[in-house]
Amino acid sequence: MASSLLINGTVLSHTSLIGPGHPNLHPFVWQFIDSLPQDQRENFSGTCAESALISDQLWQLDAHRGDGGHIGTEEAVSHFQGAAITSRMVRGHGDPDHGKPITPCAACSSLLNALRVRTIP
0 MASSLLINGT VLSHTSLIGP GHPNLHPFVW QFIDSLPQDQ RENFSGTCAE
50 SALISDQLWQ LDAHRGDGGH IGTEEAVSHF QGAAITSRMV RGHGDPDHGK
100 PITPCAACSS LLNALRVRTI P
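According to numbering that gives the first Met the number 0, the sequence shown is numbered sequentially starting from 0.
Treat each hint with caution, since some may be false.
What the hints assert, rightly or not - Between beta-carbon pairs, the in silico distance windows are:
1. 68 - 90: 35 to 45 Å
2. 21 - 108: 40 to 50 Å
3. 68 - 91: 36 to 46 Å
4. 113 - 42: 14 to 24 Å
Since the hints were derived computationally from the structure, they do not count as laboratory data.
Cβ coordinates follow ideal geometry from the N, Cα and C atoms, glycine included.
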């Protein structure tokens, strides 16, 4: 799967994270996912393109803080004001599902809603 985030007039894209190990997502994202009820989490939660895009933005905001701290909820919501995201299936050559819109998983949907990021089908 791949997603594109429109934020502050810039389009950023990411694919889902694959491979061994635990993704280096921003602590805000991990804490959010961990706080969700079990029925809203999957074994792949934290590897989606949406959570990677959100995490990258939060790491950037932390870097600009200058105090070594992590961004809080209010700052994050403010940063994502007016942002929108869309996600598409990535499939092999000739697969008719390649490029079709896909709805974010329950965990990513909750994260995007909490940050008020609009989802575009």
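Given the hint of 14 to 24 Å, check if residue 113 and residue 42 actually sit that far apart at their C-beta atoms.
This hint holds: roughly 22 Å between Cβ atoms.
35 to 45 Å as the expected CB spacing between residue 90 and residue 68, which holds or is violated
holds, 41 Å
Could one say that the CB atoms of residue 21 and residue 108 fall in the range 40 to 50 Å?
violated, 22 Å
With 36 to 46 Å as the target window, see if residue 68 and residue 91 comply at their CB atoms.
Since residue 68 and residue 91 have Cβ atoms about 43 Å apart, the given range 36 to 46 Å holds.
Violated hints amount to a single one, hint 2; each of the other numbered hints is respected by the structure.
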